[in-house]
Amino acid sequence: MAQTITDRRDVQFVLYEQFNIETLSKSPKFKGLNKKTYEMVLSEARSLATKEMLAISPEGDQEGCQFENGKVKMPESFHRAYNLVREGEWIAVADDPEVGGQGMPQIIATSVMEMFQGANVSLALFFVLGHGAGKLIELFGTKKQKELYLEKVYSGEWGGTMALTESGAGSDVGALITSAKKNSDGTYSITGNKIFNSCAEHDFTENIINPVLARIEGAPAGTKGISLFVVPKIWVNDDGSLGEPNDVVCTGIEEKIGIHSSPTCSMTLGGKGNCRGTLLGEENKGLNAMFHMMNEARLAVAIQALGGASASFLYAVNYARERLQGKHLTQSRNPDASPVAIIEHPDVRRMLLWMKAQVEGNRSLNYYVAMCMDKAEIAENDEEKERLNDRISILTPICKAYTSEKSCEVCTMGIQVYGGYGACREYPMEQLLRDCRISTIYEGTTGIQSMDLLSRKIGMKKGKPFKELLEEMQSTVAEAKNKPGLEDIAVQMEGTVTRLLETALHLMQKMPSNISAAFAQSYPFLEVCGDVVIGWMLLWRASVASSALSKLLGDKDEEKRKELLKKNKDAAFYDGQIQTARYFINSMLPETVGKMSAIKNMEAAPVEITEAGFGG
Amino acid sequence: MAQTLTDRKDVQFVLFDHLNIEELTKGKKFEDLNKKTFEMVISEARSLATKEMLPTSADADQEGCLFEGGDVKVPESFHRVYDQIKKGEWIAVADDLEVGGQGMPEVISLAVLEMFHASNSALAGFPMLGHGAAKLVEIFGTEQMKKLFLQKMYSGQWGGTMLLTEPNAGSDVGALETTATKNSDGTYSVQGNKIFISGGEHDLTENIIHPVLARIEGAPKGTAGISLFIVPKIWVNDDGSLGEANDVICTGIEEKIGLHGSPTCSLTLGGKGNCRGFLLGGENKGIRVMFHMMNEARLAVAIQALGLASSAYLYSVNYARERLQGKSLTGAKDSPQVPIIQHPDVRRMLLWMKAQVEGNRSMNFYTAFCMDKVAITENEEEKEYLEDLIGFLTPICKAYTSEKSCQVCGQAIQVHGGYGACRDYPVEQLLRDCKITTIYEGTTGIQAMDLLGRKIGMKQGKPFKSLIKEIGKVTAAARKIPDLKDLAGRLDETLTSLTMTTMQLAQAAATPKVLEAFAHACPLLEVFGDVILAWMLLWRASAASTKLDKILGDADDEKKKTKINKNKDAAYYHGQIQTARYFINSVLPGTIGKMNAISNIEAAPVKITDAGFGG
Ligand SMILES: Cc1cc2nc3c(=O)[nH]c(=O)nc-3n(C[C@H](O)[C@H](O)[C@H](O)COP(=O)(O)OP(=O)(O)OC[C@H]3O[C@@H](n4cnc5c(N)ncnc54)[C@H](O)[C@@H]3O)c2cc1C
Ligand SMILES: Cc1cc2nc3c(=O)[nH]c(=O)nc-3n(C[C@H](O)[C@H](O)[C@H](O)COP(=O)(O)OP(=O)(O)OC[C@H]3O[C@@H](n4cnc5c(N)ncnc54)[C@H](O)[C@@H]3O)c2cc1C
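One line per chain: the protein sequences are C and R, in this order.
Residue 114 in my numbering is what sits at position 106 of the first sequence, and the numbering runs on without skipping anything.
Residue 1383 in my numbering is what sits at position 598 of the second sequence, and the numbering runs on without skipping anything.
The following block holds chain C by itself, in its conformation from the complex (with noise of 0.2 Å):
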């Protein structure tokens, strides 16, 4: 049967043969493990995406959640799936087995995510935000917190959330008036509306830990005045029994445009002046513990807009196999040639091999970065800890930014592959395109996430960081010039490294006399590294793909090489991901390379037009 959600061998291939996880397996932290028990881990969560959550996902888009009188209706068979999410122990996968994880490296909840996003966005946030509440608490929490929510909130026992926007505050956290007061037990009073809040209320658990930022009465303004704060939807007695409801009030639901099942909720905290939380961290800290968990939430929505890229790619190459529509071009003038199979047609080749060249890039790219928290975890000395961790700070507005815009383009590429179908419901693409668009906004939109990288990332540490990023890709490159047909794009590539780092070096001595300017080139700017490590990334793969094949085809003349290729799968596969990194270096690198120029410009009109200017 053909495969939804991700392509096993794909991630296989990434796994083993491109990133070769199972040297992880010779620190402490993973000693035990190997790639049978990760491949029994991803079946599994695999079985239970396509059979359990897939299934359900287009009801859960019709039917969404129902808000009456505070409460939040789940669709009804989303109960039973999420269920079974707890019952596997999926929300903690990679999380220790002492706080009730499953202890496995990041790379692999990474994977088991993809999959979950994939089936069903909506109800895999629960996890997500679960999670991270749980991770905080792990974290930041004290004893008698991590005793009273720590097991409860991992297990999906009691939902969590995120609580950080408020109508005056989405981008600039820092502005945010939710108050908090202390209390003489030591607890704090606190009150406040936030707004969008993902999972604050549903039917799924008897009670939802939700972190929420505050400001305690009489702290600084902005950032510096932030605390965080646990604070339960229904109180938690000191024995771990519930007590009375926390005036935690949900005032209801956003209608959007997609994740129709996930409810967005308005919340009003100490309406009646009983809500109250216990602090997390330190005073005045709540940012600092929340940027603790950026690299992770940012991420975590890379991923959910990765795997509803997947699933459009895999929907469309399938749909393109059978779909039968006009004739082959060789043969558009005979009247009696039949219709072919799309896939048959060059365009639709174009369409789908560049949402293959996004799809499996931006996996790379992903699972790189969660790879790279695997190694830092286990690392032995702190000099490579700290490489591994600034090049995971570096990526991680790119993965966040770059694979959310990339993926939105995918899946309407997907829906163009299926042609009038595909703007029906009763075709999946449609949904994955809406459920994927809210990726670029929450987690810091695609805009702030572009002024990280700029303004924090390129430059941090003098610019090492950057520049060790781009050595790395020059020694991959250095091994594809040795791989056959490969050649020319390693060459090719080679060039475009050098280029981004003259584009960058530009760009920072231009920005302090010209800072506007410089910041209205902050997105292309993330733009053009998004592409030049997607570039990466495939020629990483194309060379570890182009020896396997060598050994598959050994010296087999061209016709005995072309008929491999047709049989045997694995050697299509290789074959596969050399035409993947051909098809990006050569169709879309040198475009970048045209936006490196356009970048390089610097064009003042965007800070120089008026407002008047702009019309309307």
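Simulated from the structure, these hints should not be mistaken for lab results.
This structure is a prediction, so every number in the text was calculated from the model and none was measured.
Every residue, glycine too, gets a C-beta built ideally from N, C-alpha and C.
Be a bit skeptical, because a hint or two may be false.
[Unchecked claim] On the chain R side, residues computed to face chain C include the following (Cβ under 10 Å):
| no. | residue |
| --- | --- |
| 1 | Lys1041 |
| 2 | Met1156 |
| 3 | Ala1160 |
| 4 | Gln1214 |
| 5 | Ala1302 |
| 6 | Pro1308 |
| 7 | Val1391 |
Use these hints to put chain R with the ligands onto chain C, whose structure you have.
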């Protein structure tokens, strides 16, 4: 109040300063018209669109169409507004007074249609389809048919559709299987199943007239054997009275990503053997007849997309002016939140949207303007020249404008942040409504094949050369304007690359590398679109520059700045120059990169095996 549909000033500028359509009134056909009449028409249409059509759009999106027992109910609120469209005679804006039209130029009718789509695209589809069907009757119908149908259709008393698509015949119309058999009375019995028929059934009008593509029994395979029939929903007797229902049954409607107020119908024709139609335009001439309509229909879809994009842009500008979030990038630490329009990245988004909306507006209006010039010219050579341009530009208008408009709507959501994803704000609906425009009336892929496979090589490349010549005129003029000299130079260089890239690809298409070449058809169409946009924006900037100079006189730089900030007109003209600067300096270098990519004619899309795609 802030504008939400199309920018009034910009539309005026395109019509009267940039394209200078008043020139048309020199032609006999338009001699009774003038700027004032044009503006009156547009302003009335704007008022209808803003006051009546727009308020029903969000409701219709929520409510959708109801299908029950073969009947389709459109959203309740549409009835009243449709009546007003009828009363205002908005269906036949550019048609002859004799047949019930307003006799306006095409370009004015496009400006009207743009507003209608900007305000309520689902509803605007009804007059658009009605017009297309009526036009077929006008051009190809017999006297009797015209008598029976024309006035009723152009007035909107009866609806119209277009029945091409079948389950196995989408992009490949030639594969259709609906049949027609001649009856002794000269009518034809029609039998088959059509899908995706917009407005195929509804309760806005008492009758619906379906132009249907079908194959007469025994006719050749493929497009050469297709004929066109007029199939009314309710039979129309010789005296014009309504007869029996004509066995045209709606079996269902699609649930779609957008355009919820527009019913997309599955129709069974002649399920009981009782469906009759009149042949229109000769046996086996169906595709030829359709081709006549294609330019108009494709341009109409481009305008639909453009209207939505224009609205998305205006909502975004207005929102960005009001939404306070974040400090100024250059402000002090404790400075207050500023409207997001002050953030460079938001300005970049807005300016990109502006360039797309205005550039695409100019491109489409220009194409319509060419049609109007064809209608008044007596010079055969000029006529051919213009028709070549229209033919060349049409696939680009259809594909490029629709693709970019979807991107503009996507960007509008981004400008709105989280609110953009919510139904309380209008932009997510605009994106959903826009999505279909890249698909119907020939997908983007089909348009690109038309460009590479037919239009570029047509008449030994004459239309292509004409286009290059027209662009060259604008760059030559812009070179004389000091502020635009560098931009004109850049565009000229780009033109040289475009010519080379095009020749290279067209040559490859004529060799065994034909598959590789066609894998680059869409990228080629896109670079054409980019270059045409740059041309249009530079043209605008040239016209604006003259106007701006007049306002600014020879004041010093400081004073000029003040004036630009204070005087709305000055700000507008200055904005035109900035938009051109942005597009040519920040977007066009990417286009040149794309041309380099095309020149690589990378074979990977062809070489990769089917299995290599995975899945
Ligand atoms: C479905 C959904 C679920 C969500 N879930 C959660 C959740 O669980 N918890 C939570 O706390 N929040 C959540 N959010 C909120 C989300 O994180 C915010 O919407 C997001 O941070 C953007 O804020 P905003 O909507 O106020 O947009 P704004 O901040 O107003 O941004 C509008 C535009 O301005 C740009 N912009 C803003 N400031 C700047 C600047 N300084 N420089 C350059 N550009 C700028 C932005 O990039 C954007 O394009 C959710 C939102 C949605 C829609
Ligand atoms: C909302 C809506 C309204 C519509 N309204 C009408 C209407 O009023 N009347 C009407 O007749 N039809 C209508 N249509 C149908 C529409 O015109 C078709 O959907 C469209 O022509 C594409 O056909 P298809 O859906 O069969 O896709 P397909 O033809 O199957 O195309 C699928 C994909 O393959 C590509 N492809 C197909 N053939 C080739 C080829 N030879 N070379 C390269 N690529 C190719 C396409 O570009 C597309 O990406 C409507 C559709 C929708 C969704």
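Hints and how they fare:
1. Annotation: interface hint on Lys1041/R holds; nearest CB of chain C at approximately 5 Å, less than 10 Å.
2. Interface restraint check for Met1156/R: the shortest CB-CB distance to chain C comes to about 27 Å, outside 10 Å, so the restraint is violated.
3. The interface hint given for Ala1160/R is violated, since its Cβ lies 31 Å from the closest Cβ of chain C, which is over the 10 Å cut-off.
4. Checking Gln1214/R against chain C by beta carbon gives a least distance of about 8 Å; that is within 10 Å, so the hint holds.
5. Taking 10 Å as the C-beta cut-off, the interface hint given for Ala1302/R holds, the closest approach to chain C being about 8 Å.
6. With its C-beta approaching chain C no nearer than about 7 Å, Pro1308/R sits inside the 10 Å limit, and its interface hint holds.
7. A least Cβ separation of about 6 Å between Val1391/R and chain C falls short of the 10 Å threshold, and the interface hint therefore holds.
Checked against the numbered hints above, the structure violates hints 2, 3; every other hint is satisfied.
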